[in-house]
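There are 2 protein chains.
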Amino acid sequence: MSKQPRQLSLGAFLMAGGHHVAAWRHPDVQANPLDFSSYKRTAQIAEAALFDAIFVADSVAASTDAIASHTSRSVYFEPLTLLAALSAVTERIGLISTVTTSYNEPYHVARKFASLDHLSGGRCGWNLVTSDAAAEAYNFGRDAHIPHAERYARAREFHKVVTGLWDSWADDAFGRDKEAGQFYEPTKLHVLNHVGEHFNVQGPLNVARSPQGRPVIVQAGSSETGRELAAETAEVVFTAQTSLAKAQAFYADLKGRLAQFGRREDSLKIMPGVFVVVGQSTSEAREKFEQFQELVEPQVGVALLGRMLGNFDLSGYPLDGPLPELPLTENGQQSRQKLLTELAGAENLTLAQLGRRIAGGRGHYSLIGTASDIADELQAWFEGRAADGFNVLVPHLPAGLEDVANYVVPELQRRGLFRTQYQGSTLREHLGLSRPANQFF
Amino acid sequence: MSKQPRQLSLGAFLMAGGHHVAAWRHPDVQANPLDFSSYKRTAQIAEAALFDAIFVADSVAASTDAIASHTSRSVYFEPLTLLAALSAVTERIGLISTVTTSYNEPYHVARKFASLDHLSGGRCGWNLVTSDAAAEAYNFGRDAHIPHAERYARAREFHKVVTGLWDSWADDAFGRDKEAGQFYEPTKLHVLNHVGEHFNVQGPLNVARSPQGRPVIVQAGSSETGRELAAETAEVVFTAQTSLAKAQAFYADLKGRLAQFGRREDSLKIMPGVFVVVGQSTSEAREKFEQFQELVEPQVGVALLGRMLGNFDLSGYPLDGPLPELPLTENGQQSRQKLLTELAGAENLTLAQLGRRIAGGRGHYSLIGTASDIADELQAWFEGRAADGFNVLVPHLPAGLEDVANYVVPELQRRGLFRTQYQGSTLREHLGLSRPANQFF
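As they're listed, the protein sequences go chains A and B. Quick note: the first sequence uses the UniProt record's numbering, first residue 1, plus one each step. Quick note: the second sequence uses the UniProt record's numbering, first residue 1, plus one each step.
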């Protein structure tokens, strides 16, 4: 048997209506963010196109700032109920959800993901994040946001408790011997008895070890602390990288940190986000994109810019003036802040122009062109050690993803870079990740 | 138009394998408690039979006592992920889940139920409970269980916060005016700013007001405090009643408490649990039941008895001796303790016999007979002001529920007591409950 050449992974980043901030205003877009049938259709498109996974972001607070009422992001499905519902109408595709460690209890989180892994036959993944919005703190009895360092210490312990709970039962604990009346073997049960800085959790989990052993651990932090946590515990990393060179540096840095934790390079997959608009020609793609750009209200673009720079309120500055000088953000967005400041200076952009510029891909690398152009870029990143795969954002859903499925995926398949059928049935199998052994048995 | 005569409601109480403690040992029973296809089949049977709802119980801890390994109750799906998955493969039936107020945060709970209500098109209900197992406390950083009175005070405030969050948005807040770029109307958003004894929650919820306005509130407490909370806040009450007379007394008591809260009698539906085994003849039904009874190991029945009496360990007492004298339980099971003590004395039962006796219906009223016999009893309770409907438990699933669907439901329909098609599309409509107005708009 010939060895299969290295294949890239594809995730479809779902967001009601699409990722472009003005998508909901487009005449073709179903603008109700709580319409299950749109999600179902999108998930089925991604599955038909053999994507590794669909992915949803999350926050445990509603945006209510000055421009919130001009965007479609205030209300949405809670992600675990959404993915559970989608698990019943899909067969093979992975299901990845963000859940914060800052304002949750590890027993609940371990349980819900284990349950989803059973419901889906081993298809789920957890994007383990720390919260970066103070509004979340106020919904959980706190007067102020947890500081950055403590959030990460809590996240690390949270991960330890959750993985410990997932390993509560040996894989073969449940013999279900009807004759003998023995449902499980008591020696194959481990009581965690975790006592730590942030959590005391007895266990065991009331869910059997799940099909994947453990749901896939995804992370998206890019600070020094975030990279260290990822190198120790993540199996997939989502990241926003704005050039091949930067993506290569990030890739090398993160892969280079794995050895100190006794991990192999291929045990962690790096998947930058890419914002993709496909056309039959480059000009057609640009025209498609411009249709959305024209719908961006200047104050909405500027507010989005303020959030991306680190939760700054830019509403007091003139729209046709330059980006004001801002203090260095404390919110873990320093590299993005630096990048956008450089961009504004280099191209002499007004505040409104810069806001419109980031309204599409929300800081992710943008590919606007033909399927062949886009495949060239993805291939260069993949073969140039900048990516193991991509998390795909499109301006509007489901139509934008249909374009990727119809044009970009076949081009990647022709080049031998992407599967032509699912080989496995679990998310781990799609991603080429091994099933973790139980730490207690 | 003639007025529709009063109709009874039916809930199907789902539990992996069935309610009989030995169901999993029966050769016909699929004994894997984490098999989604069994749940899907059961839910679809209940929906085809026009049940108002399916219902799942819950605990946030696994039983690991001496006989846990001889029962099938240690592991199961987390209920909100399970019901979300079932929402995608059903169309009309209600979806009710237990979630404790003792070891949860109101923002998470409000959000998940609101999300499920949107996913299901207005079909969900929340069985609001307080935890009664200390093992749950140990999974959430506590050394001891919250005392009974404090649990109820917390539950009451929890309900207030959750319903406040559900009313964060006016029903018509989301105009989604594409031309004007106005997604929602800012004056139609209410920020809760709850500051209380147990919770501080800012809000608003990041889910729009749900199809039912609010998911249906279900409760199951029977203590004085529990009844007061139900009279103030519940819309459905599940209860275990062991005779018509006791059920009538409970019904009169609870309905009598409503007026003080300005509520009408029909705003709260009382649904006792009934354990049902149907046969073509009484003797066939008894034989079916005996097949399960023979599979009960004596020590399992006795352990179940100990739990039902108020979490007592009876394993040290002789199986062929009498029920020992026990101190009055502190766990809110006093009435059940009194009832079982009387039963054991009146029939001179040994500990093993009493344990086996309660192994089937778990303390619920048992109906073992022909469809006609069973319908007679249900009708007597329904017309005798003991019940507005019933929560149906069967020894094994899905087969036991198929029997109810095939034989008991048609008999109730012939008598004009139960619908012959769904009239509405939401759980509230099935139950005849009005859609609550938004308290802030």
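FYI, nobody ran anything at the bench for these hints, they're computed from the structure. All values derive from a computational prediction rather than experimental measurement. Among the clues, some could well be false.
Which copy is meant is left open, because identical chains are indistinguishable; a pair holds if it fits in one copy or across any two.
Below 27 angstroms or equal to it, Euclidean Cα-Cα: the simulated BS3-like pairs (lysine-lysine) are [said to hold, decoys possible]:
(1) K178 with K40
(2) K188 with K255
(3) K160 with K188
(4) K188 with K246
(5) K246 with K338
(6) K288 with K178
(7) K178 with K160
(8) K160 with K255
(9) K188 with K40
(10) K40 with K288
From the Cα coordinates, with 27 angstroms as the cut-off, is the pair K178 and K160 best called within, between, both, or neither? So K178 and K160 fail the 27 angstroms test inside a copy (35 angstroms) and across (46 angstroms) alike.
For K188 vs K40, is the C-alpha pair at or below 27 angstroms within one copy, between two copies, both, or neither? Classified as neither; 39 angstroms inside a copy, 29 angstroms across copies.
Quick one: K288 to K178, C-alpha cut-off 27 angstroms, is that within a copy, between copies, both, or neither? Between copies only: 18 angstroms across, 62 angstroms inside.
Between copies, within a copy, both or neither: which fits K160 and K255 at Cα up to 27 angstroms? This pair counts as within: shortest intra-copy Cα distance 21 angstroms, inter-copy 49 angstroms.
Evaluate K40 and K288 at a C-alpha cut-off of 27 angstroms and name the case that applies: within, between, both or neither. within (24 angstroms within a copy, 42 angstroms between copies)
Classify it for me, K188 with K255: is the Cα-Cα distance of at most 27 angstroms met within a copy, between copies, both or neither? neither (35 angstroms within a copy, 49 angstroms between copies)
Up to 27 angstroms CA-CA - K338 versus K246, copy category: Answer is within: at 13 angstroms inside a copy they meet the 27 angstroms cutoff, but 73 angstroms across does not.
Within a copy, between copies, both or neither: where do K178 and K40 come within 27 angstroms Cα-Cα? Result: close only across copies, 24 angstroms inter versus 39 angstroms intra.
For K188 and K246, with the copy left unspecified, which applies at a CA distance of at most 27 angstroms: within, between, both, or neither? This pair counts as neither: shortest intra-copy Cα distance 47 angstroms, inter-copy 44 angstroms.
Cα distance capped at 27 angstroms. Does K160 pair with K188 within a copy, between copies, both, or neither? Intra 20 angstroms, inter 42 angstroms, cutoff 27 angstroms: intra-copy only.
In the structure shown, a violation is registered for the earlier hints numbered 2, 4, 7, 9, in ascending order.
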